Amino acid sequence: MVEFDVATAAVQAALDAGARYADARVMHRRYESMTARNGEIESVTQDESAGIGVRALVGSGWGFYAVPDLSESAARAAGERAARIAAASGRVAGPGSTLLPVAASTGSWHSPCAVDPLSVPLSDKGDLLVRATGTSREHGADLAEGLYQIWDTRKWFVSSEGHRIDQHIRESGAGISATVIGDGETQRRSYPSYRGQYGTQGWELVDSLDLTAHAARIAEEARELVTAPLCPAGETTLILGGEQMALQIHESVGHAIELDRILGWEAAFAGTSWLDLDQLGALRYGSELMNVTIDPTIPGALGSFGYDDEGTPAAKRDAVREGRWVGTLAGRDSAAVAGLDYAGSVRSDGWARLPMVRMTNVGLEPGPHTLDEIIAATDDGVLMDLNRSWSIDDKRLNFQFGCEIGWEVKNGRRGRMLRNPTYTGIGPQFWRSMDMLSSETVAWGTPNCGKGQPGQVGHTGHPAAPARFTNVRVGVHG
Amino acid sequence: MTDPLDLAGRVVDLVRQVAGPGAEAEVGTEYAELALTRFANSFIHQNMADAGTTVRLRLHLDGRTASGASTVVTAEGLRDLVERTVSAARHCPPDPGWPGLNRPATVDEDGNWDEATATAGPEQRAERVREFVETAGGLEAAGYCRTGHRSGAFANTAGHTAHGRHTEAAMDGIARCGGADGVARLASFRLADLAGGVLGARASVKARAGVAPVELPPGRYEVVLEPTAVADLLQNLSTWGFNGKAYNEQRSFAVPGTEQFDRSVTLVDDALAGPALPFDAEGTARTPVALVEHGVTRTVAHDRRTAAEAGASSTGHAVPGGAAVGAVPLHLGFVPAPSPNGLARAGEVSGPVVDADTAALVAEVRRGLLVTDVWYTRVLDPRSLVVTGLTRNGVWLIEDGEVAAAVQNFRFTQSYPQALAPGAVLGIGRHTALQSHTFSSAWWSALPLRLASWNFTGGASG
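Same order as they appear, the protein sequences are chains A and B.
The working numbering numbers the first residue of the first sequence as 1 and each following residue consecutively.
The working numbering numbers the first residue of the second sequence as 1001 and each following residue consecutively.
What the hints contain is simulated information worked out from the structure, not anything from laboratory work.
Since the model is a prediction, treat every value here as computed from it, not as a measurement.
Any given hint could be a false lead.
[As the list claims (entries may be wrong)] Sample of chain A residues facing chain B (criterion: CB under 10 Å; computed from the structure):
no.: 1; residue: Arg37
no.: 2; residue: Gly90
no.: 3; residue: Cys113
no.: 4; residue: Val115
no.: 5; residue: Ser119
no.: 6; residue: Asp142
no.: 7; residue: Arg154
no.: 8; residue: Thr370
no.: 9; residue: Asp394
no.: 10; residue: Thr424
[Unchecked claim] Listed next, with one range per pair, are the computed distances between beta-carbon atoms:
no.: 11; chain 1: A; residue 1: His477; chain 2: B; residue 2: Asp1400; range: 24 to 34 Å
no.: 12; chain 1: B; residue 1: Pro1217; chain 2: A; residue 2: Leu277; range: 46 to 56 Å
no.: 13; chain 1: B; residue 1: Thr1258; chain 2: A; residue 2: Leu230; range: 58 to 68 Å
no.: 14; chain 1: A; residue 1: Val2; chain 2: B; residue 2: Gly1121; range: 52 to 62 Å
no.: 15; chain 1: A; residue 1: Leu230; chain 2: B; residue 2: Gln1017; range: 52 to 62 Å
no.: 16; chain 1: A; residue 1: Glu235; chain 2: B; residue 2: Thr1119; range: 36 to 46 Å
no.: 17; chain 1: B; residue 1: Gln1017; chain 2: A; residue 2: Pro121; range: 21 to 31 Å
no.: 18; chain 1: B; residue 1: Asp1400; chain 2: A; residue 2: Thr370; range: 28 to 38 Å
no.: 19; chain 1: A; residue 1: Asp127; chain 2: B; residue 2: Ala1105; range: 52 to 62 Å
no.: 20; chain 1: A; residue 1: Asp435; chain 2: B; residue 2: Arg1220; range: 33 to 43 Å
Positions of the beta carbon are idealized from the N, C-alpha and C atoms, including for glycine.
Working from the sequences, and respecting the hints, build out all of it.
This is how it looks when you write it as structure tokens:
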């Protein structure tokens, strides 16, 4: 295929310019999105992007160069530029860079897709969002909004070690939200989450959401929230719904176990981690109910792939087992520095960006309970769900999250609705207090994970289920 | 490199061929070369550059609107862009809010341009990194140095054209000492304005002054916010408050004609004071817009669509994808207090207070906190603009006008408009410093602020 030839030319040019290792990714992506507001289409966008990114290692310095030109001459020039940049890195050099030795992979992979999302007529997609947001509007939303997004990505990877891989990944997702303007504040309810649910699937995922069936309910709940009592401040038992648990896992586990953060490579921006490699295998991260896996092989989950962007085949790995920290998200260079024997979690968000350590699917294995059982077992607490705001410190320890909705839980029953529910805590203390976990797992997709400089937007998956935590501070307000 | 204006004109012609004379189209083209050299653990660990052209098309056909963009600028790629956007428009529901096109005019004013910055290579960026690391004086250093330039053009089917170019540069780094980080951050259109040695020295002095922090109880404290922190206020006020779409939807706090801020607060969005193209995504010329004057909210930012809804005129703040995200003032800044003769400019290094501007504000505080930077701020409610986040890169207790001790980081939950409300601003800096946005080409013109109260809702231990 011509794309492999172009990538091979770029790699060879980098080697000819002095690189001791080089790889190249040709990527072609189509993106489509539509937004609707109050029963009318607000925007329709269809984008196309194609180019090549080349990574070169000269001495101990890395360089990366990218161009949206898939001619062989442009690819060769890009390989040479990557090597020149790598050589300049040597002016402020660190310890010698090495890569974790791996067998060169060759292969082809595509994500499951029953209904090609780009083949569904725009008029059908528009009708869906118009119908759903129109229904929300009719049931009391001041602002009824809907959104779908589709990414169709093909990539071809070649390395100087013999990797030769092509992948075709299709991602789809959609969601609706209803906002009511109150006196000095707003209230919002969303389905199935604020930006929607996403996966490496076709339009069948959007169909399965049945957005319109939930449109009236979210509008009515948003209006009810405006006059609901404020979530009281204090320390209590907290029950989190599955969608909020996905966010909790993403922020306070997923980012914390990124090896580049642990090694200090993100210290100036995304931050570091409270985890220390010396504690790997021994540290008590959470209660014994806490089993977290790194698993890019989950069919249809948003963080799934066949190979990462260094050509490492997807494989499942433990991150936390029975509450003990046992694994990281790693790449070939970071694993070599840390003395680990696995990689496989490196991706970039497009041809123009450097691959870096990113979450794949980081999620909790199911527990033994159900949400109903958790509520029934709770004498006094608060149930919160659907994320509204999220903030966590640069070590991934001190967090404060806000949800769209809360309910009192009294004597084993869900009680009155609470507005502006927030909770705050310190990661390991919080996870160690998890005493009940549901089996009702959903692989939530997060299509907006920011990291890196220049900024990259990652797509990650988080299997999560409702859970209960004890002695949590709730009701933090401005 | 293809001439952006020529490219925009070719796409307009293609639209006429494919969709006929009745189509209304806006075409924006941009050629950009961007490079960023990152360092951590005191060496360069990531070093990248990219170059390329992007074409954006917004099309209104038979009362329906669709948009598209592409990096594929071959003849085939451009035709594909036009044909799929035409097809999309034909399948879309009607768009009653279409505001029409800018009328024919020409915008050909250049943005700020510096040839040395445009041609800077990885060697020049590495040299600044080396200076930063060396002046950190043995402390572990991390950050980036970036350079870039953009040439952009706009054309629409009504005959309106615009073109321009600008350069950009930024440096942002920390020095690390015994668990304390110190930061220095600056942006400009000229790489020569960024001295790695000065920034490294500033970061290292702050890091050394931040060791052995004490833990103070949460609560309301008087604060002096340094420009690195004030940039976050500007970003959130811009995105959530002065956004014309948010205002139209009543999700903004802004009430034009009302004294919503302290009289010392004047906020102006002025793209051409820094690195930016001289026109927006709809081809409207960018000019300085006073959003707040002496505490009174004057207007919000509009593109043509939000302006039509509000019965106003575009203020030149259209952004790509604006139908969904709104009109955002991406180059917002404080107007500084008048500077008396003899006051030293910011840039001195003497301790955690690294410039005379901030020192003058600190000297007035009986008891309060000096906050260098904030992190991971998120909006709890857009209308009240209550924001939660954490301090980062240095907090110090101020007693009787002097820095008394380093303090551990806090979490805060604070309404930003309330923090700047009438009577709440006790002092304002006399010099601004350009602070670049984390993820985009936006920037903020920030200065130090002394505020009467900031609501710290949690300490380092929760």
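Hint check:
1. Arg37: With a minimum Cβ separation of about 9 Å from chain B (threshold 10 Å), the hint on Arg37 (chain A) holds.
2. Gly90: Holds: closest Cβ of chain B sits about 8 Å from Gly90 (chain A), inside 10 Å.
3. Cys113: violated (20 Å)
4. Val115: With a minimum Cβ separation of about 17 Å from chain B (threshold 10 Å), the hint on Val115 (chain A) is violated.
5. Ser119: Constraint on Ser119 (chain A) not satisfied, violated at 13 Å.
6. Asp142: holds (7 Å)
7. Arg154: violated (13 Å)
8. Thr370: violated (30 Å)
9. Asp394: For Asp394 (chain A), the interface hint holds, since the closest Cβ of chain B sits about 6 Å away, which is under 10 Å.
10. Thr424: At about 6 Å, which falls below the 10 Å cut-off, the nearest Cβ of chain B leaves the hint on Thr424 (chain A) intact, so it holds.
11. A:His477 / B:Asp1400: 24 to 34 Å: About 32 Å separates the Cβ atoms of His477 (chain A) and Asp1400 (chain B), which means 24 to 34 Å holds.
12. B:Pro1217 / A:Leu277: 46 to 56 Å: violated (34 Å)
13. B:Thr1258 / A:Leu230: 58 to 68 Å: Given a distance of about 26 Å, which is not inside 58 to 68 Å, the answer is violated.
14. A:Val2 / B:Gly1121: 52 to 62 Å: Cβ of Val2 (chain A) to Cβ of Gly1121 (chain B): about 31 Å, so the range 52 to 62 Å is violated.
15. A:Leu230 / B:Gln1017: 52 to 62 Å: holds (60 Å)
16. A:Glu235 / B:Thr1119: 36 to 46 Å: violated (59 Å)
17. B:Gln1017 / A:Pro121: 21 to 31 Å: For Gln1017 (chain B) and Pro121 (chain A) the Cβ distance comes to about 25 Å; the hint holds.
18. B:Asp1400 / A:Thr370: 28 to 38 Å: violated (60 Å)
19. A:Asp127 / B:Ala1105: 52 to 62 Å: Between Asp127 (chain A) and Ala1105 (chain B), where Cβ atoms are some 39 Å apart, the hint is violated.
20. A:Asp435 / B:Arg1220: 33 to 43 Å: Once the Cβ atoms are compared, 35 Å apart, the range 33 to 43 Å for Arg1220 (chain B) and Asp435 (chain A) holds.
Against the hints set out earlier in the document, violations occur for numbers 3, 4, 5, 7, 8, 12, 13, 14, 16, 18, 19.
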